[in-house]
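Please build the complete structure, drawing on both the sequences and the hints.
Quick mapping for you: the protein sequence lines, in order, are chains S and Y. Residues in the first sequence are numbered from 1 upward in steps of one, following the numbering used here. Residues in the second sequence are numbered from 1 upward in steps of one, following the numbering used here.
Keep in mind that the hints were calculated from the coordinates and are not lab data.
Below, a list of computed lysine to aspartate or glutamate pairs in the EDC-like style, where the Cα atoms sit at most 20 Å apart: (1) Lys51(Y) <-> Asp21(Y); (2) Lys142(S) <-> Asp283(Y); (3) Lys100(Y) <-> Asp164(Y); (4) Lys46(Y) <-> Glu29(Y); (5) Lys253(Y) <-> Glu146(S); (6) Lys252(Y) <-> Glu146(S); (7) Lys252(Y) <-> Asp283(Y); (8) Lys142(S) <-> Asp279(Y); (9) Lys100(Y) <-> Asp166(Y); (10) Lys28(S) <-> Glu3(S); (11) Lys303(Y) <-> Asp315(Y); (12) Lys64(S) <-> Glu3(S).
The primary structure of each chain is shown beneath.
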Amino acid sequence: MIEIKMPRLSDTMEEGAISTWRKQPGDKVEVGDVLVEIETDKAVMEYEAYQAGTLAEILVPEGKNADIGAPIALLDDGTGAPAAAVAAPSAQNQAPERGEPSSVAPAVSPAPAPAPAVAAATAVNGLANGGGRQVASPLVRKLARENHLDLSHVTGSGPGGRIIRADISNLLGAGTQAAAPAPVVPAVPTDAPPAPAAPVPAGPAAAGSAPAQTDDVRGTRGVPISQVRRVIARRLSASAREIPHFYVTAVADAQDLMDLRATLNAQLTEAGRPKVSVNDLLVRACALALREHQDVNVSYGGDDSSIVLVHDRINVGVAVAAESGLIVPVIRDADTKTVTQLGAEAKQLVALAGERKLTPAQTSGGTFTISNLGMYGVEHFTAIINPPESAILAVGATTREPTVVGDTLEPRYRLRYTLSVDHRVIDGALAARFLQTLTNLIEHPWMIIA
Amino acid sequence: MTIMTYRQALHDTLRAEMLRDESVLLLGEEIGVFEGSYKITAGLLKEFGEKRVRDTPIAEEGFAGAAIGAAMLGLRPVVEMMTINFSMLALDQIINHAAKIYGMFGGQASVPLVIRTPGGGGQQLGATHSQNIELFYAFVPGLKVVAPSNPADAKALLLAAIRDNDPVLFLENLALYNTKGEVPEGDEPAEIGRALVTRPGKDLTLIGYSRMAHVAAEVAASLAESDGLDIEVVDLRSLRPLDRETIVSSVKKTHAAVVVEDDWLTYGIGAEVAASISDGAFDYLDAPVRRVAMAEVPLPYSKPLETAALPSHDDVIAAIRQTLAAVGHRTARPLATAALGVPQS
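This is how it looks when you write it as structure tokens:
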């Protein structure tokens with residue numbers, strides 16, 4: 001009898017949720033068969049069998065979590081004797097305690113690689129986000145198997161983007177043996193403040209409703225769902241289901257902001273520098289408002305946790321409508337950057353998102369998100385919180401409206417925005433005060449760039 | 001330990017074996033009065049007489065067959081085929097008789113025969129006199145094929161071949177006859193079927209035999225000097241049996257391999273070595289096994305074309321650099337990949 005254990009499928013993963021069992025007790029399992037789909041903090045991944053046999057027992061049912069290395073099933077390989085001390089791990093949702101090395105050199109070859117290899121490597125990097133076979137040398141695949149390494153975030157520097165031993169040497173601790181789940185150094189350095197793994201879904205999805213099916217009545221056809229879409233679906237379902245959202249909407253007079261932006265852009269253009277957008281100004285305004293209301297820059301630690309995580313760094317995510325679906329690149333330390341810096345960084349991240357080349361580091365560590373649909377002429381809308389963050393700002397269009405100024409009506413730019421808030425950690429008054437600060441900044445825009 | 005040429009080592013060993021064992025006799029074209037086309041048998045006719053050093057007609061099939069018969073009846077003939085190209089005239093005797101007799105007739109007679117023959121190009125001898133067709137023999141069960149690359153191995157493997165009870169094709173090389181090296185005293189035969197790690201290293205395994213093992217050793221030494229590369233050199237020494245164990249254990253250590261050979265690439269000895277690596281060390285490879293071989297043409301007579309067609313030191317260096325680049329090993333100097341005309345990815 002062989003214990004199948006929760007594998008480490010991503011560098012920041014601490015536990016995994018069983019998404020779908022692809023084999024049921026009694027099923028024959030061949031080496032390479034997909035046993036189970038496991039959801040990590042990053043994605044849903046298929047986990048293949050390394051040994052053949054018959055699936056004897058499922059220890060962790062679908063929807064439940066298990067720590068890395070915890071037994072999740074028993075595979076009967078004909079050796080008979082039951083695995084020792086198998087205790088079905090209870091589904092848990094504990095407070096994160098991570099003792100993660102904070103700065104580890106990224107897994108790239110030390111010296112500057114020759115240009116072709118770099119180009120090839122970046123071309124393949126996109127595979128981590130979507131379909132396609134990840135190319136790794138046989139040696140790397142063996143080492144990954146033995147050391148329980150996740151290669152999905154490793155960038156290959158070999159020909160054609162092949163992952164070679166040099167790319168994973170940092171992941172192989174000195175004297176690592178082919179043994180039980182070895183402590184693995186994350187492939188991608190996470191220098192963000194500790195953030196809890198996203199509260200991942202529990203319980204069967206869509207209980208009670210009939211499964212969607214193709215039919216002629218509606219002229220339906222099935223289109224394969226992408227990993228990205230699957231992650232969006234699960235994470236946002238979990239967020240909407242678990243987080244008690246409430247919404248606070250405010251409106252600001254944005255005339256001065258627009259005037260400032262026009263003046264600024266005229267001067268920037270003259271200086272030959274890139275222009276700034278309303279969104280760049282809003283990112284900075286939010287960062288400043290978060291600095292003033294640090295208790296909005298928090299994460300709920302889970303029902304069993306005795307602490308709330310308060311983040312000292314302000315990392316603002318910007319929701320991007322990429323072709324593959326919603327993706328939220330994160331601008332780190334947004335409160336310490338100028339508007340033009342923020343604009344340049346946002347532009348670069350959006351471009352990378354379009355090419356599906358964002359690294360995990362560029363999409364993690366956020367503490368707040370801005371979703372702006374203003375460019376589509378939306379007046380205002382509400383957004384779903386991006387866990388483990390506690391608030392998200394949904395921004396509408398900046399439009400000229402009749403505005404009461406003194407006793408007369410004047411056409412002035414107005415901007416509406418709605419803050420979605422996790423009521424478990426943020427109350428209405430705090431949300432309102434945060435918006436008050438934000439509105440004040442928008443209406444006195446020199447304070448944003450001051 | 002004496003420093004001597006490959007040629008001298010062969011000569012001395014033949015003589016020593018003839019002195020040691022009266023059943024050892026030599027047959028071949030021009031080996032007696034003329035003292036051998038390459039002077040390996042110089043002085044032996046005078047010393048041992050016509051019964052033991054026999055000049056034969058220009059009839060390879062005939063004297064190969066005579067030697068096989070003599071071997072079956074208890075003598076230990078050492079045949080010299082003037083070059084391996086002419087051995088093709090005796091293919092039927094060698095492959096259908098020497099290689100088969102022991103197995104086909106239930107072990108009633110063994111064939112303790114040695115066929116010494118030089119291969120190799122580079123001497124402007126034209127396409128029909130410059131071939132490396134040892135593969136023809138290495139392909140055939142029932143034969144043993146050894147290919148020494150230095151004087152010490154020439155001695156140790158010739159001792160082993162003469163004392164072996166099976167037919168052995170003993171591959172020499174025109175370009176090696178004048179190379180020098182230390183040769184131990186005594187008469188310690190080598191073990192046929194054993195490759196040797198002639199230079200230990202950790203960056204890459206470079207595998208060759210005969211002249212190319214010699215080239216491999218030179219390349220490894222020069223790259224250690226110029227680039228500080230630590231290349232392990234494996235000299236196959238025996239093509240049948242092939243020492244897969246030594247090859248595989250070296251590649252398990254270095255994770256990358258280049259195989260160099262003087263014969264043609266397609267279906268060549270290197271292909272068998274590469275397949276052995278894939279079989280035995282697949283999970284240890286960090287890059288594909290690369291081969292360096294001769295151009296797939298009948299070897300030209302023209303000197304510049306002949307030189308261009310044969311694998312050179314530079315070809316071997318280029319393949320090494322390309323393989324090392326593929327495993328992320330950055331060398332101080334720019335990679336000479338353009339020389340091969342192969343895109344890097």
